[in-house]
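For the sequence shown, position 52 (counting from the first letter as 1) is numbered 52 according to this note's numbering, and the numbering increases by one without interruption.
Just so you know, not all the hints are guaranteed correct.
[What the hints assert, rightly or not] Computed spacing ranges between beta-carbons, pair by pair:
no., residue 1, residue 2, range
1, Ala362, Asp410, 47 to 53 Å
2, Ser342, Asp410, 55 to 61 Å
3, Arg359, Val399, 14 to 20 Å
4, Ala61, Glu91, 57 to 63 Å
5, Met328, Ser270, 54 to 60 Å
6, Met328, Val161, 56 to 62 Å
7, Pro31, Thr62, 19 to 25 Å
8, Met328, Gly160, 54 to 60 Å
9, Val361, Asn118, 40 to 46 Å
10, Gln206, Gln54, 36 to 42 Å
11, Pro50, Asn119, 21 to 27 Å
Read the hints as simulated data drawn from the structure, not as lab findings. Given the structure is predicted, the values throughout are model-derived calculations rather than measurements. Glycine is no exception: its CB is placed at the ideal position from the N, C-alpha and C atoms.
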Amino acid sequence: MTLPRILAIMGSGETAPTMVSTHRRLTSLLPSPVRAVVLDTPYGFQENAPELAQRAVDYFATSVNVDLRIAGLTRMQTNDHGESADAVTIEKGLRMIDDADYVFAGPGSPTYSLRQWNNTPLRAMLIQKLTSGGVVTFASAAALTLGRRTVPVYEIYKAGVDPYWLEGLDILGEFGIRATVIPHFDNAEGGHHDTRFCYLGERRLQILERHFDDDEFVIGVDEHTGLVIDFDREVAEVVGNSTVTLRKNSQQRTWGKGDSIPLTELRQPSWMATTNTDQRSPRTPSDASSIRRSADGAVDTATELEPSSLGAAVDVHRAAFDAAVDRMDADAAVGAVLALESAIRAWSADTLQSPDRDRAVATLRLMISKLGEVATGGLRDPRSVAEPFVSGFLAVRAVVRAEKRFDLSDLVRDQLLAAGIEVRDTKDGVEWVLRS
Numbered sequence: 001m002t003l004p005r006i007l008a009i010m011g012s013g014e015t016a017p018t019m020v021s022t023h024r025r026l027t028s029l030l031p032s033p034v035r036a037v038v039l040d041t042p043y044g045f046q047e048n049a050p051e052l053a054q055r056a057v058d059y060f061a062t063s064v065n066v067d068l069r070i071a072g073l074t075r076m077q078t079n080d081h082g083e084s085a086d087a088v089t090i091e092k093g094l095r096m097i098d099d100a101d102y103v104f105a106g107p108g109s110p111t112y113s114l115r116q117w118n119n120t121p122l123r124a125m126l127i128q129k130l131t132s133g134g135v136v137t138f139a140s141a142a143a144l145t146l147g148r149r150t151v152p153v154y155e156i157y158k159a160g161v162d163p164y165w166l167e168g169l170d171i172l173g174e175f176g177i178r179a180t181v182i183p184h185f186d187n188a189e190g191g192h193h194d195t196r197f198c199y200l201g202e203r204r205l206q207i208l209e210r211h212f213d214d215d216e217f218v219i220g221v222d223e224h225t226g227l228v229i230d231f232d233r234e235v236a237e238v239v240g241n242s243t244v245t246l247r248k249n250s251q252q253r254t255w256g257k258g259d260s261i262p263l264t265e266l267r268q269p270s271w272m273a274t275t276n277t278d279q280r281s282p283r284t285p286s287d288a289s290s291i292r293r294s295a296d297g298a299v300d301t302a303t304e305l306e307p308s309s310l311g312a313a314v315d316v317h318r319a320a321f322d323a324a325v326d327r328m329d330a331d332a333a334v335g336a337v338l339a340l341e342s343a344i345r346a347w348s349a350d351t352l353q354s355p356d357r358d359r360a361v362a363t364l365r366l367m368i369s370k371l372g373e374v375a376t377g378g379l380r381d382p383r384s385v386a387e388p389f390v391s392g393f394l395a396v397r398a399v400v401r402a403e404k405r406f407d408l409s410d411l412v413r414d415q416l417l418a419a420g421i422e423v424r425d426t427k428d429g430v431e432w433v434l435r436s
């Protein structure tokens with residue numbers, strides 16, 4: 001079987017429900033069982049690196065049905081204290097990368113990644129895989145390293161260092177694409193301050209763009225969005241929830257989910273020669289894109305958008321629950337509770353959960369508590385339960401009142417009142433209400 005040559009760039013959500021269909025489609029193009037490995041270098045400096053790697057393994061096992069192996073390349077260089085990395089571990093990890101048909105890497109620090117990968121065979125292995133056959137999926141921090149230049153995110157955004165570029169792996173350059181990749185392109189975590197463009201914001205990105213050569217540009221990939229580059233078919237497709245943007249200073253062009261970009265447009269961007277500063281690309285059929293190919297060549301249909309975060313899923317399922325309770329639909333209310341519980345499990349592998357999980361659990365508890373409350377009184381309208389009995393008593397009361405037996409009429413009224421039902425005689429007739 002001839003292996004496809006595919007580079008998938010994800011803006012975020014690489015272990016979230018939003019990217020499940022993309023991982024499934026890509027792995028479906030490979031021989032079974034899929035030889036897949038997670039390159040764990042980007043977060044190798046973190047104390048919880050083993051936990052993050054295991055999350056990826058669990059995600060692929062549960063959501064993609066693929067056995068993902070861990071490369072174990074958390075450190076490949078001698079550290080500042082003179083402690084050298086284990087040579088056997090490094091060689092074993094590199095052999096796993098070389099043998100794999102699917103290489104996956106995600107969040108962490110691009111600076112740390114590049115420092116560890118420097119003067120190792122890793123770059124050459126990835127290029128060889130994309131040349132001879134294989135799928136490389138880089139997301140978030142790993143995606144930042146793919147271009148000629150790399151944004152040192154932590155140093156600029158967290159430590160306050162003046163904006164500067166790191167030298168990237170320039171894997172894209174090997175295929176004629178003179179671009180710098182910026183994931184998290186539409187990030188909005190800053191609220192009132194600008195954290196777009198992987199936390200750079202507009203001002204700092206403009207400073208960095210001044211250092212570009214004439215033929216360089218930015219490939220911006222929104223969160224929970226991917227750009228799947230098929231080198232066999234000479235086309236790239238936008239997948240996921242949002243958009244991919246090609247940008248050079250004040251000029252940019254945007255493609256949405258399902259759009260295709262000819263590789264000629266990435267190698268020699270025509271939009272950079274135009275005077276229009278902000279363009280939306282025309283819809284381009286993506287049937288020819290490799291992401292649509294299954295193992296038998298069938299074309300997949302588009303799926304509905306997944307909520308772009310666990311927080312968004314909470315909002316959707318809470319609204320559905322409240323609406324179900326309001327219309328007294330017990331099955332729909334239980335369905336909303338189960339859907340939120342499933343969402344919490346589905347997002348548990350995501351490495352960028354923020355406070356969403358705590359909020360989701362709190363919301364789930366509130367919904368369960370509400371179900372317990374309505375289980376006591378029922379979801380049916382209490383008037384509909386009492387109405388047949390009250391109508392019977394009121395019919396009897398009407399008869400005795402007509403016979404002027406007001407003592408019996410008052411007795412019926414008082415007994416109903418004792419049961420929480422107030423009878424009111426009005427000019428328009430008899431009314432009754434349930435007392436709280």
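We went through each hint and held it up to the structure:
no., hint, result
1, Ala362 to Asp410: 47 to 53 Å, "holds, 51 Å"
2, Ser342 to Asp410: 55 to 61 Å, "holds, 57 Å"
3, Arg359 to Val399: 14 to 20 Å, "violated, 59 Å"
4, Ala61 to Glu91: 57 to 63 Å, "violated, 26 Å"
5, Met328 to Ser270: 54 to 60 Å, "holds, 58 Å"
6, Met328 to Val161: 56 to 62 Å, "holds, 58 Å"
7, Pro31 to Thr62: 19 to 25 Å, "holds, 22 Å"
8, Met328 to Gly160: 54 to 60 Å, "holds, 55 Å"
9, Val361 to Asn118: 40 to 46 Å, "holds, 42 Å"
10, Gln206 to Gln54: 36 to 42 Å, "holds, 40 Å"
11, Pro50 to Asn119: 21 to 27 Å, "holds, 26 Å"
When each numbered hint is compared with the structure, violations occur for hints 3, 4.
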